[in-house]
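Between the sequences and the hints, there should be enough to build the whole structure, so can you do that?
From first to last, the protein sequence lines are chains A, B and C.
Per the working numbering: the first sequence ends with 897, consecutive numbering throughout.
Per the working numbering: the second sequence ends with 440, consecutive numbering throughout.
Per the working numbering: the third sequence ends with 263, consecutive numbering throughout.
Worth flagging that the hints you see were computed from the coordinates, not collected in a lab.
Coverage of chain C stretches by chain B, computed from C-beta distances (three or more under 8 Å per stretch; other residues unrestricted):
{"#": "1", "region": "23 to 34"}
{"#": "2", "region": "107 to 121"}
{"#": "3", "region": "193 to 207"}
Owing to the predicted nature of the structure, the values given are computational and were not obtained by experimental measurement.
Cβ atoms here follow ideal geometry from the backbone N, Cα and C, with glycine treated the same way.
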Amino acid sequence: MSPKTENRILATPIVLFLLVMLGFPAVLDILYSFSEVSFENLRSPTLNGGKNFIKVVNDPEFWAASWFSLKFGVATALSECILGLVLAVYLAPIIRKNNWMIAVLIMPMIIAPAMMGLMYRLVLHEFVGSLPHYLYLWLGDSPAFLSRENVFLTVFTIETLQWTPFAFLLIYMAYEAIPSEMREAASVDGTRPWRMFWFIEVPQMAPTLAVAFFIRFIDGFRVFDNIFVLTGAGAGGSTTSLSIYIYLSFFRSGDIGKALAASVILFCVAFVILFFAGRLLRRDRA
Amino acid sequence: MRKSNKYLATAAAALLAVLPSLASAEVTVLGWPGGPEEVALRAAAKLYNSNADVSEDNKVKLIFFSRDGFYDKLQADLAAGTDAFDANLLATYSIGRYAPYLKPVTLSDNAAEVFGDAVLKTMQFEGQQFGVPTDLSLHFLYYRTDLIQELLEDASQHDKYGDISEEYLGVRLSPKDPDNWSWQDFAANALYFTKSVNSDSPTRYGTVLQLKNLLFNMMVFHSLPRAYGADWMDADGNITVDSEAFREALGLFKILVDAGATPKDSFSYEYAEANAAFGAGQVAAMMQWNAAAADLMDAKKTPVTATVTATIAPPTGPEGRFTHVHGLGLGVNASGKNVAGAEAFVQWMSTSEAATTYALNGGAPGLSAEVVAGIASERPDLVPLGQFASNYGFVMTGGTSAKALSVYELQAKEFTGFLSGGQSLDEALAKTATGMAELLK
Amino acid sequence: MKNKYKDLPRWIVFAIAAFVMNFPVISTLSTALKTNAEISRDPGLWVHAPTLNNFAVVLQVTERLNIFSYLHNSLVASLIGSILPILVCFPMAYAVARRGYGTDVIFPTVVNLRAMPLIIFAIPLYMMYQTVGLLDTRLGLGLILAVVNLPLALLLLINAINDVPYELDEAARMDGARIFTILVKVVFPICLPTLATVFIFSFITAWNEFLFGLMLTTSEAVPMTVGASFFFSSGGGGGQWGVAAAVIIVASLPPVVLGVLMYKHISRSMTAGAVKG
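Below, the structure is given as structure tokens:
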């Protein structure tokens, strides 16, 4: 069997699965994105050329939502990876002896984000929430967590607290997988702990750090559940992520063509970025 | 272009060809989940099923979705031509959107005597009856009798009350009985009972406004601009949102928000949060749905304030006293498996027997004076409900159109944008007007 | 003794991190154990008069609410949604990692799915499911959950195979082993820890998914997340926070238990296969 045939066979299961599940939906979605379509005429959309795309590109809210998502994705991914790295490396000596600690630390990410949003609705409520209760008790005042000024910081903190465990777990596993000979060799050479960390351990964990950052960025970028439950689109649309924008256009405004045009744009942009990333990766290898 | 359209239609038709529907053994009815409406509907369905002349094939089976995303799912179901249910929940503001998938219904002969024409109208779209009304939703002013009483009796405070209203609202007002409140009085009272305005206030906030960017919150808001004569559009179909009435109303809310008369996180508040704030005893008065009365006046569920809470119709304005009103009801899904059975059930629901059963089991139907008189001892709260609906109830022009929900959605976004300081009043109203013109054309 | 002192700062950091990150869970648990009266009087963490009433309400099977059926639906759908991605992604991951195959189209397409709000497929999927009879079935729900999990599975598996020493499958190849034998006999066993990780993450994601569960089920296959929201009456109404909190706890328990149990498995297989390269 030639490697080419082999490759094709290796790719068959996933390609087939995707075609079966998303083939028809994708084709219909693309058609819809070029059509005048709402819930009333799902079965008889009329093509309108690229009007939906023009509408999306000219919609300042689309850009505001994209900016929110980008900002949110980068900020949360960065803070989660840094916190995860610090926790993983600093706590590694005691976790090694007490595995149960991992279970405690990864608990938040096991909770459904929608449920987490619901919990915070309760926790942050000025009159029935425990956090404002203690703040009033101890400090005599409690901030407006979800006001226009503070809401970004609040949802950023919520997302970070829930998903730092993800970065932590991946990084901890990579940290523990660093061959012990490598550390021993380095310490025999008299390498100091900080140098060891920066020049030996971090490079060893680099691929994992990259994957953790990448996954967290994507998840942060498309954030939906927890923000939607907590503040919805936010006052005047101040917490509208791209996913919320698309969801609202789709279901609430019933402007299906516009929602799908926005999705198609999102898909294409992401695709181009990943395409070139893939190219780079391959050149690297070669 | 035409050609591709044809292909698309053929492809869609081929893919969507519904399997030959099997003879169904029952009538599936989708109701509003989780609240008193569900309990009431269960009782009614039980009575219906026990009727000897209802054949086995036409017994009613109830199903319910999740409340979260209820309308989004319902819309997807109906648009895709579901046959998972034969009759489903309807609301006044969504009739226009769902009408294409529903079959108009014929109600019982004496439906008009049971409900009255005004209530039947909440289930009509373009002159046709699309459902039987079950519950009425409108707004009450909830207030703390103990606090207001004390204020009315303590003349030493009246100067302060006047000073505060003069400073914030530009008019000197004195405390009044809530039944005689104008919206100015409502605002003055809210300011007086706010700690950041009046450090002696027994409550932290004078009121609680539901300002989450959510379409239902706009319904709560609308009673205020309506009292100043607001409407969505005039008789010629021109959008009239950029009006003095909306300016007055939004301006008044803005004063309350800026003065801190509503909780800090109000921009994330909806129904439940507002109830929790009121129930914690830190709010003097608020506008809220009538459905909250059951919980807020039950000492078990709201131990702190239930005994000192009273309800009344919303305050009045230059153009009168108004409350937003909409009906919930049941309509017939045109692609259901047992349309005839569903029609029979919906028709029965409009009989006096069904409506009374529904009311006695916790529902909140809008009943005519004669019918409600018969159950007034068991459900005294239904008497003012019917009165308020007929005396003060209004529906904005265009409020039942296919795009009504989208209009509420748009206003929620722009108005909260203004109230939270994200844009000017002119900007918000201009954007709303443009958007509404597009939606309601 | 001296050793303990040395680790003390670490323990403090751990305690703080654990408390802060789990704060909403702790607070919700406290709410679930309170009576309605106590919730509105004292929102603090301490429970003065613990009650299991809220849990009793949740666990009671009624004509309409059957938490055990929701749990069952979620379990089946999540298992499909977590095992299927591993099966279809594993061969592809090998092709990508070892040969750079598919990095132009297939890999970006799949990974892109994670960046998309997948709900845009809801309406067409609904129509498709309606036609083939998958609507309101556990299989139907499981299949779409599998799609949701594809990107993460592929990414993690590629990463894992990259870590497998190339010499191992080269050697097997020299011995005349065919590609599938290499995959199953050489690469698969080494990747087991990652496979377990993928399984856990996928299972949790599948369990926690809400929107597809809402859209594609009506009564027979309602998953736990959607069922949980059945318990929240009128968005709280002022009196229901206790029950809501209890149902959140019950709904979250299965994935939490899985995470705790499977973690031990991961760490064991990791230490076993730790020496490499």
